[in-house]
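Colleague: Chain by chain, the residues run as shown.
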Amino acid sequence: MMINYLLISPLILGLIALFGSILLDYKKGKALSAMLYALSIMLFIYMLLYYNSGFNLELSYSYINLPIIQFSLVYNNVRAALLIMTSIVTFVSLISGDLTEEERSKASNILISLFFISATGLFLSNNLVLFFIFWDIGLVSMFFMIYLLGSVNRRMAARKFMFYEILASLSLLTGIMIIYFYLNIATFQINALTSAISSLPLYKQIIPFIFILFAFLINMPIFPFHNWLPDAHSEASTQGSMLLSGVLTKYGAFGALLLYIIFPDVIVSYGFYIGLLAIISSIYASILILRQRDIKRAIAYSTIVELGIILFAITAAYNTLAFYGSVYAMLAHGLVIAMMFLVAGAIRMKYQIRDVNILSGIVHTDNRLAYAFLFGVFTIAGMPLTSSFIGDLLIAFGSVVRYKALTVLPFIALFINVAVFYYIYQKSFVSRKKYKPINKLDPLVYTGIFILIASILLFGVFSYIILE
Amino acid sequence: MIPYLLFIPLIVGMLIYLVLPNDKDSLSKIVAIIASLLTLILNILLYADLNSIYTISWFSISSYSFNIELTFNYINYLLSIIVSFIGFLINIYAAGYIDSSSRRFFFELSLFELGMLIFALSYSILALLIGWELLGISSYLLIGFYYERKDAAFSSRKAITTVMLGDIFLLVGVALIFSQGFSSLYGITAADNTAILYGLIFILIGAFTKSAQFPFHEWLSDAMSGPTPVSAYLHSSTMVKAGVFLILLMLPEYQLYNLTDPILIIGFISALIGAINALSERHIKKVLAYSTIEDLGLMFIAIGLNLPYVALALFVFQTFYKAALFMYSGVVIKANDDREDIYKVSVDKGLIASISSLIAVLSLIGIFPLSGYFGKGFLLDSSIRSMSIGEYSYIAFALLVIIELLTSLYIFRWWLIPRRSKSNRSKVSNLMNAPFYILVIINALAYPIFLLFLYYITANGYSATYSIISIYTIIDYIIAGLAAYLSYKIVKSGYDKHIISFKSIVNSFYAALYNALNAFSLALSVFDSYIYRFYLYISNLFIILSSKVPIIQNGRLNTYIVIFIIGIIMVIAVLVI
Numbered sequence: 039m040m041i042n043y044l045l046i047s048p049l050i051l052g053l054i055a056l057f058g059s060i061l062l063d064y065k066k067g068k069a070l071s072a073m074l075y076a077l078s079i080m081l082f083i084y085m086l087l088y089y090n091s092g093f094n095l096e097l098s099y100s101y102i103n104l105p106i107i108q109f110s111l112v113y114n115n116v117r118a119a120l121l122i123m124t125s126i127v128t129f130v131s132l133i134s135g136d137l138t139e140e141e142r143s144k145a146s147n148i149l150i151s152l153f154f155i156s157a158t159g160l161f162l163s164n165n166l167v168l169f170f171i172f173w174d175i176g177l178v179s180m181f182f183m184i185y186l187l188g189s190v191n192r193r194m195a196a197r198k199f200m201f202y203e204i205l206a207s208l209s210l211l212t213g214i215m216i217i218y219f220y221l222n223i224a225t226f227q228i229n230a231l232t233s234a235i236s237s238l239p240l241y242k243q244i245i246p247f248i249f250i251l252f253a254f255l256i257n258m259p260i261f262p263f264h265n266w267l268p269d270a271h272s273e274a275s276t277q278g279s280m281l282l283s284g285v286l287t288k289y290g291a292f293g294a295l296l297l298y299i300i301f302p303d304v305i306v307s308y309g310f311y312i313g314l315l316a317i318i319s320s321i322y323a324s325i326l327i328l329r330q331r332d333i334k335r336a337i338a339y340s341t342i343v344e345l346g347i348i349l350f351a352i353t354a355a356y357n358t359l360a361f362y363g364s365v366y367a368m369l370a371h372g373l374v375i376a377m378m379f380l381v382a383g384a385i386r387m388k389y390q391i392r393d394v395n396i397l398s399g400i401v402h403t404d405n406r407l408a409y410a411f412l413f414g415v416f417t418i419a420g421m422p423l424t425s426s427f428i429g430d431l432l433i434a435f436g437s438v439v440r441y442k443a444l445t446v447l448p449f450i451a452l453f454i455n456v457a458v459f460y461y462i463y464q465k466s467f468v469s470r471k472k473y474k475p476i477n478k479l480d481p482l483v484y485t486g487i488f489i490l491i492a493s494i495l496l497f498g499v500f501s502y503i504i505l506e
Numbered sequence: 012m013i014p015y016l017l018f019i020p021l022i023v024g025m026l027i028y029l030v031l032p033n034d035k036d037s038l039s040k041i042v043a044i045i046a047s048l049l050t051l052i053l054n055i056l057l058y059a060d061l062n063s064i065y066t067i068s069w070f071s072i073s074s075y076s077f078n079i080e081l082t083f084n085y086i087n088y089l090l091s092i093i094v095s096f097i098g099f100l101i102n103i104y105a106a107g108y109i110d111s112s113s114r115r116f117f118f119e120l121s122l123f124e125l126g127m128l129i130f131a132l133s134y135s136i137l138a139l140l141i142g143w144e145l146l147g148i149s150s151y152l153l154i155g156f157y158y159e160r161k162d163a164a165f166s167s168r169k170a171i172t173t174v175m176l177g178d179i180f181l182l183v184g185v186a187l188i189f190s191q192g193f194s195s196l197y198g199i200t201a202a203d204n205t206a207i208l209y210g211l212i213f214i215l216i217g218a219f220t221k222s223a224q225f226p227f228h229e230w231l232s233d234a235m236s237g238p239t240p241v242s243a244y245l246h247s248s249t250m251v252k253a254g255v256f257l258i259l260l261m262l263p264e265y266q267l268y269n270l271t272d273p274i275l276i277i278g279f280i281s282a283l284i285g286a287i288n289a290l291s292e293r294h295i296k297k298v299l300a301y302s303t304i305e306d307l308g309l310m311f312i313a314i315g316l317n318l319p320y321v322a323l324a325l326f327v328f329q330t331f332y333k334a335a336l337f338m339y340s341g342v343v344i345k346a347n348d349d350r351e352d353i354y355k356v357s358v359d360k361g362l363i364a365s366i367s368s369l370i371a372v373l374s375l376i377g378i379f380p381l382s383g384y385f386g387k388g389f390l391l392d393s394s395i396r397s398m399s400i401g402e403y404s405y406i407a408f409a410l411l412v413i414i415e416l417l418t419s420l421y422i423f424r425w426w427l428i429p430r431r432s433k434s435n436r437s438k439v440s441n442l443m444n445a446p447f448y449i450l451v452i453i454n455a456l457a458y459p460i461f462l463l464f465l466y467y468i469t470a471n472g473y474s475a476t477y478s479i480i481s482i483y484t485i486i487d488y489i490i491a492g493l494a495a496y497l498s499y500k501i502v503k504s505g506y507d508k509h510i511i512s513f514k515s516i517v518n519s520f521y522a523a524l525y526n527a528l529n530a531f532s533l534a535l536s537v538f539d540s541y542i543y544r545f546y547l548y549i550s551n552l553f554i555i556l557s558s559k560v561p562i563i564q565n566g567r568l569n570t571y572i573v574i575f576i577i578g579i580i581m582v583i584a585v586l587v588i
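Order-wise, the sequence lines are chains A and B.
Using this note's numbering, read the first sequence as starting at 39 and increasing by one per residue.
Using this note's numbering, read the second sequence as starting at 12 and increasing by one per residue.
What the hints contain is simulated information worked out from the structure, not anything from laboratory work.
A couple of the hints might just be wrong.
Derived DEER-like restraints, expressed as beta-carbon distance ranges [claimed, not checked]:
id : chain 1 : residue 1 : chain 2 : residue 2 : range
1  : B       : 565       : A       : 314       : 22 to 30 angstroms
2  : B       : 110       : A       : 471       : 21 to 29 angstroms
3  : B       : 276       : A       : 314       : 31 to 39 angstroms
4  : A       : 482       : B       : 198       : 23 to 31 angstroms
Capping the alpha-carbon separation at 25 angstroms, the derived lysine to any residue pairs in SDA-like fashion look like this [stated by the list, open to error]:
id : chain 1 : residue 1 : chain 2 : residue 2
5  : A       : 465       : B       : 518
6  : A       : 471       : A       : 357
7  : A       : 465       : B       : 111
8  : A       : 242       : B       : 584
From a predicted model like this one, the values you see are computed outputs, not experimental measurements.
Glycine is no exception: its CB is placed at the ideal position from the N, C-alpha and C atoms.
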């Protein structure tokens with residue numbers, strides 16, 4: 039089928055963006071990349087329509103005569119949710135995330151396009167080794183995005199990020215190698231792996247499972263491997279934070295979903311304990327938000343809360359609703375957290391401060407930013423007609439099958455998280471005292487916020503595009 | 012007729028407010044009144060669709076389909092009529108009340124009315140959740156309408172925080188029931204099911220937060236920092252009754268699982284707390300807010316006593332007198348340049364104003380034939396005959412009489428204290444007076460409305476036994492009359508300043524809880540830094556190890572051979588395992 043070759047086109051678009059950013063100057067490179075990312079959004083939607091009408095979208099190509107590193111891509115509605123989210127977030131972060139002088143450089147365009155290639159490749163890959171390769175490309179580009187473009191303590195944060203992520207990546211590789219040792223067939227196609235692994239006894243499945251899971255837990259991140267995230271988020275550039283929180287943390291979550299597909303037996307037998315860890319992680323992070331003075335750090339901790347809930351849903355994913363709930367929550371969280379970081383970055387740019395105890399009365403000086411923040415809080419809280427509502431709904435309805443009344447615990451973490459956000463809104467956004475703005479904002483920032491809000495609502499109302 | 016036509020005027024109105032320029036206040040007021048009138052008319056026309064269910068399929072995942080189902084069951088229809096009728100009056104009232112940014116106000120008010128209508132007509136779980144959560148968010152926006160005022164920002168946050176706690180419990184509660192194979196909350200017959208038991212308890216918590224029952228009642232009195240139309244609409248007659256409504260419809264399930272006693276006890280506690288707090292409150296609207304907590308408590312008592320038709324009557328008739336009282340207080344506030352302390356305001360002591368406000372006050376106490384009687388009087392009368400709690404019914408009756416006594420005391424205090432000062436002749440907008448007088452007339456002519464109500468519910472299969480007057484209601488009147496006289500004496504002698512005010516124990520409990528959480532958060536952040544330090548130690552360990560490596564890498568062949576052999580053994584061991 040010709041249509042199958044479309045699968046490779048997002049990667050080609052990413053490569054064109056990469057070379058364009060290298061060759062052209064900043065402004066032209068940005069314009070070119072923006073067009074290409076916009077094209078990729080449409081492409082993914084177009085492919086989703088094909089998928090929904092019953093086409094099977096798969097592409098396999100072995101470029102060395104080794105089935106292990108077969109170049110194999112697949113597209114279905116789960117991947118569509120993540121890919122559409124990725125391309126929207128990348129597009130918005132490119133057009134409106136460049137707030138500081140450092141971010142307005144060729145380096146930022148190049149790194150974003152590299153990250154785009156990594157993310158699309160990873161979410162499309164149908165092969166565990168391919169997954170690993172794209173995973174590492176993402177880490178490298180994100181490392182430089184923090185190391186080169188971030189704020190004052192960026193070097194420390196980047197090293198911390200790399201320290202944790204290299205551990206994750208090593209652990210993933212170890213897991214893959216252990217699978218290679220255990221299995222007689224030498225293939226890492228997801229489907230083939232699933233059937234091959236189900237023939238192993240349970241105790242042999244557990245060892246690679248733990249190694250791979252460890253990688254994903256660090257990446258998501260889940261307590262007690264979360265220390266890199268608040269620093270990385272608060273020190274990264276606005277673009278970096280948007281991509282890091284919106285897309286990079288989904289690598290781990292998507293990986294955990296693959297893990298559920300590959301090792302269903304382990305999840306069914308021991309998933310409960312992972313779910314408990316996820317609950318602890320959510321509640322732990324939500325309590326830590328209480329003490330955050332930095333608005334970006336508060337949003338970063340809310341990422342941990344939300345990913346805890348997503349992991350919680352994945353451990354109950356043998357229920358279809360929980361499975362799709364986790365996917366939808368990933369989509370929703372990617373969009374809303376990117377918007378929150380964009381707003382936080384814009385506030386930092388406009389007022390040159392991000393301490394919530396000092397900031398005040400933003401609604402009097404820039405009401406659009408304030409309303410966008412409030413909308414983001416509503417979305418995180420799961421307001422109806424936003425995409426989070428669908429995610430929360432499906433997670434709750436699916437997880438109760440496994441966890442019964444315990445399902446309320448991760449939602450209590452979400453409640454504490456949102457309660458703190460309302461407090462921040464009251465303190466820094468609607469208080470009477472006005473804090474004077476220092477810089478003016480590019481109108482493109484508001485465009486970016488608008489695009490993200492529109493897509494949150496779009497996927498909240500027309501959820502059947504992805505779910506059916 | 013197509014049922015979702017009902018939502019069109021409000022949605023169109025909201026779109027119009029979005030595009031209207033900011034300074035066209037009167038235009039958005041006209042749009043609001045027209046939209047709410049159209050909603051009311053459409054709602055009345057939908058009477059033809061009684062007892063039918065409409066389904067809008069939203070999305071489906073494998074065998075699960077998520078549909079928005081609206082029902083025109085007669086109780087749902089009753090609530091929707093109340094919502095759109097009071098909504099129409101409130102829109103007129105608000106047109107007189109709101110001075111600036113009315114575009115934003117009416118947008119939020121329409122969002123609320125939309126959520127309330129969806130909730131009122133909801134049949135499937137999805138519709139219920141959408142309506143329910145829209146209520147919380149729009150009430151947050153409306154309470155915080157004057158967000159630049161510190162108390163408004165604070166109390167709106169308090170409200171949404173409490174209500175959101177209920178939202179998540181409701182979400183998980185309905186999920187638990189859904190997981191047992193029920194796509195609607197009504198008509199569950201499976202007994203002895205732990206999941207459903209937990210689900211019902213969680214839904215009850217959700218209902219208590221929304222209906223401001225103990226221990227979640229504190230947000231309601233603070234919510235009075237919103238504009239008066241909001242207090243009259245959300246916090247007396249519609250939104251806070253969502254919880255009561257839900258439990259009322261699910262009463263058979265709660266009976267099945269023997270959960271009516273907790274409802275009864277919480278109802279009594281809340282009613283007493285509301286009445287006692289109202290006794291010492293000075294804020295003109297907060298007295299009424301505490302009174303609303305009491306009324307809602309009475310509805311839960313009626314539910315707990317297994318008297319659904321009494322609860323329904325209270326539910327309907329409480330709307331009229333409480334909305335009227337709130338509208339009166341709004342008129343007083345406007346006439347006094349936004350002063351809200353009952354000791355500092357003065358009222359119009361003219362004949363019409365006096366009589367109409369007195370009618371609203373007497374309705375609250377429950378004097379025949381004013382509207383309150385058809386809720387409170389019947390509750391008193393039926394409580395003693397109630398079979399469901401046996402000999403405890405005398406205790407219930409005694410407690411209800413005490414609540415009645417307190418009600419009479421605080422409401423006359425509320426009514427009499429402003430009358431001590433000189434008559435206030437300042438004019439307020441007729442847009443505010445007209446809905447108030449309409450409601451007063453409804454309160455005064457409640458008896459025919461009650462007969463209509465009785466006809467409506469019996470025609471739809473409810474069996475209700477009412478007796479118009481009995482020995483118990485007469486006892487109650489004597490007590491209420493004595494209390495009114497006492498109240499008059501106290502106010503006249505100026506002794507009322509010595510009434511002890513009760514500091515809220517619940518508030519200080521939440522403050523303590525917050526402080527504990529904050530301290531815990533401090534402890535956790537210290538712990539968190541230790542986790543990171545632990546990783547640092549590990550990495551230091553590697554640095555130390557690397558300084559020790561030269562001991563092994565010493566260039567001697569025999570050392571290398573030993574290490575090589577150890578390595579081979581380890582590899583074999585892994586492969587064997």
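Colleague: Go through the numbered hints given earlier and state which of them the structure violates, listing their numbers in rising order.
Modeller: Of the numbered hints, 1, 4, 6 do not hold.
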